[in-house]
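**Q** For the record, the sequence lines run as chains G and V.
The first sequence lines up with residues 1 to 302 when you count with the UniProt record's numbering.
The second sequence lines up with residues 1 to 302 when you count with the UniProt record's numbering.
Just so you know, these hints were derived from the structure itself, not from any lab.
Keep in mind the model is a prediction, meaning the values are calculated, not measured.
Fair warning: there could be bad hints in the mix.
Note: identical chains are not told apart, hence a pair may lie in one copy or across any two.
[Stated by the list, open to error] When the alpha-carbon atoms are kept at most 25 angstroms apart in a straight line, the in silico SDA-like pairs for lysine to any residue are as follows:
#1 Lys85 - Tyr114
#2 Lys188 - Glu274
#3 Lys217 - Leu282
#4 Lys23 - Leu289
#5 Lys205 - Asn173
#6 Lys217 - Glu75
So you can see what is in the structure, the chains are spelled out below.
Number of protein chains: 2
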Amino acid sequence: MSLLTVGSVAFDAIETPFGKTDKIIGGAGTYITISASFFTKPVKVVAVVGDDFPKEYISTLEQQGVDTEGLQIKEGEKTFFWAGKYHNDMNSRDTLVTELNVLEHFDPIVPANYQGSEYVMLGNLSPQVQSTLIERLENKPKLVVLDTMNFWMDIALEDLMKTISMVDVLSINDEEARQLSGEYSLRKAAKKIMAMGPKYLIIKKGEHGALLFHEDKVFSAPALPLEEVFDPTGAGDTFAGGFIGYLAKTDDISFDNMKKAVIYGSAMASFCVEKFGTERLLEITEADLEARVKEFEELTNF
Amino acid sequence: MSLLTVGSVAFDAIETPFGKTDKIIGGAGTYITISASFFTKPVKVVAVVGDDFPKEYISTLEQQGVDTEGLQIKEGEKTFFWAGKYHNDMNSRDTLVTELNVLEHFDPIVPANYQGSEYVMLGNLSPQVQSTLIERLENKPKLVVLDTMNFWMDIALEDLMKTISMVDVLSINDEEARQLSGEYSLRKAAKKIMAMGPKYLIIKKGEHGALLFHEDKVFSAPALPLEEVFDPTGAGDTFAGGFIGYLAKTDDISFDNMKKAVIYGSAMASFCVEKFGTERLLEITEADLEARVKEFEELTNF
């Protein structure tokens with residue numbers, strides 16, 4: 001089924017205890033589309049870059065099966081740039097640089113060819129941009145998934161609450177769920193958040209896996225205990241891309257199939273962290289993915 | 001199969017955001033034996049109390065199926081007493097009072113009737129007391145499980161390393177696994193710790209569940225997302241009691257059966273936190289437990 005995503009396509013510079021990168025391709029939209037294109041093609045992307053964004057990066061996306069008609073290239077402007085440094089535990093990081101550049105006035109234009117998309121993934125971005133995109137869709141999609149973060153809760157809560165009320169699935173981490181709901185218990189938090197609009201809630205817990213909530217049901221997905229997390233950048237976006245990619249491929253939005261989608265998303269994320277940036281995601285095969293999903297089965301079977 | 005445990009039988013005074021207790025029955029040995037007696041009877045306990053310990057508390061243990069022949073009552077001495085206060089997140093606590101009393105010179109005497117026990121659970125105690133107990137067993141047990149904590153790593157590491165080298169299964173939490181191994185990655189930590197002696201390692205992660213390691217295998221057990229954690233005191237001991245109780249009942253120490261034992265232990269712990277102290281554990285029925293284990297199955301099935 002057709003899949004549309006909006007999200008940043010950007011430059012990242014990453015420093016971890018294992019090394020550092022120059023400016024490499026990054027951004028939520030990049031990770032989401034690469035991950036989702038593993039399941040369904042084409043993945044239509046709405047995003048914006050400056051004229052400093054290398055043509056070969058765009059070719060990389062296209063080779064993965066990403067439809068870049070909705071990728072705006074702004075002449076004379078610069079691409080969004082983020083630089084960060086991870087601490088030794090790899091669970092926390094400092095942001096060293098954030099240059100919004102083209103993202104500051106991003107108008108999410110939806111090409112005519114993108115209309116009729118049945119699955120929509122709103123990658124982490126200003127909630128005002130996310131809701132504008134939904135409003136520009138001529139047909140109601142089958143499923144809209146929203147990923148966001150505490151930054152928008154801090155500076156644009158009203159816009160965020162509006163966007164949350166328009167989506168079917170919300171994906172946030174445990175601290176964000178607590179902040180948004182004012183509840184420490186994730187079960188209580190989930191109830192309050194689902195009352196804000198989304199029928200489904202995914203709570204990401206990093207190295208502890210993820211929870212999927214729907215009505216009174218809950219599913220707990222483990223994270224694969226890895227020997228080494230090399231670079232966590234993009235893991236949450238990769239998860240989201242795998243989640244919606246699997247749903248679009250199977251075209252089944254039952255709770256039981258969403259559980260599987262959470263596992264496939266988790267499996268994709270477990271690859272993402274094994275190398276810098278998108279490097280590992282561009283290497284893996286279908287057999288790699290199936291073997292990894294099998295590891296998740298063995299991990300939880302009793 | 002016969003089950004022997006050593007651990008503190010004590011007074012606790014607990015304060016949580018939901019209320020506070022007077023001195024109630026507590027201690028690792030108490031939670032372990034009550035939890036284990038749900039699976040197999042009698043549970044033989046080696047412990048020590050003072051003459052201030054109420055007869056009705058001992059009767060409570062006996063009614064649950066605990067053999068108290070090894071419970072020493074020291075005339076003119078006082079029972080171990082711990083008081084603590086939980087913070088609002090229920091994940092951290094302050095110790096308000098620790099009175100060692102009879103525990104200071106505890107000599108773990110093993111009654112003749114206790115010899116030949118096939119399953120042995122060493123509850124959290126001084127590692128020197130734990131190793132003394134093992135040395136006093138005339139026959140090698142089928143399985144020895146050790147629970148300990150960071151306190152002993154800080155003040156008695158050498159004794160602890162000796163005790164660790166004598167057991168089959170070690171049960172500690174994630175921070176303790178990192179402290180003991182010097183590794184942040186739990187997978188790496190597990191390798192190093194299993195090289196210290198134990199063939200199996202359980203890493204408890206509180207609200208995030210538990211991991212069971214053996215050779216290259218790993219099992220991830222979820223925690224049940226609860227609406228409310230009322231009192232976490234004794235949850236880890238209750239887990240340990242359920243774990244070894246299930247193994248002693250089924251008399252099967254394969255990795256596959258240990259996975260089930262981790263789930264049964266987790267289910268027992270999920271009851272423990274629902275009320276103050278041991279209150280909830282004394283109420284539950286076999287049907288309650290089976291229903292809870294079913295919830296764990298539904299939680300992880302995909």
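**Q** Does each hint fit the structure? Answer for all of them.
**A** Going through the hints against the structure:
Proximity of Lys85 to Tyr114 under the C-alpha cut-off of 25 angstroms is found in neither arrangement, the shortest distances being 36 angstroms within a copy and 57 angstroms between copies. For a Cα distance limit of 25 angstroms, the shortest separation of Lys188 from Glu274 across copies, 15 angstroms, qualifies, whereas the shortest one inside one copy, 34 angstroms, does not. For the identical chains of this complex, Lys217 and Leu282 are neighbours neither inside a copy (35 angstroms) nor across copies (28 angstroms), given an alpha-carbon limit of 25 angstroms. In this assembly of identical chains, Lys23 and Leu289 lie within 25 angstroms of each other by CA distance neither inside one copy nor across copies; the values are 28 angstroms within and 55 angstroms between.
In this assembly of identical chains, Lys205 and Asn173 lie within 25 angstroms of each other by CA distance both inside one copy and across copies; the values are 6 angstroms within and 17 angstroms between. Taking CA atoms no more than 25 angstroms apart as the test, Lys217 paired with Glu75 passes in neither setting, with 49 angstroms inside one copy and 54 angstroms between copies.
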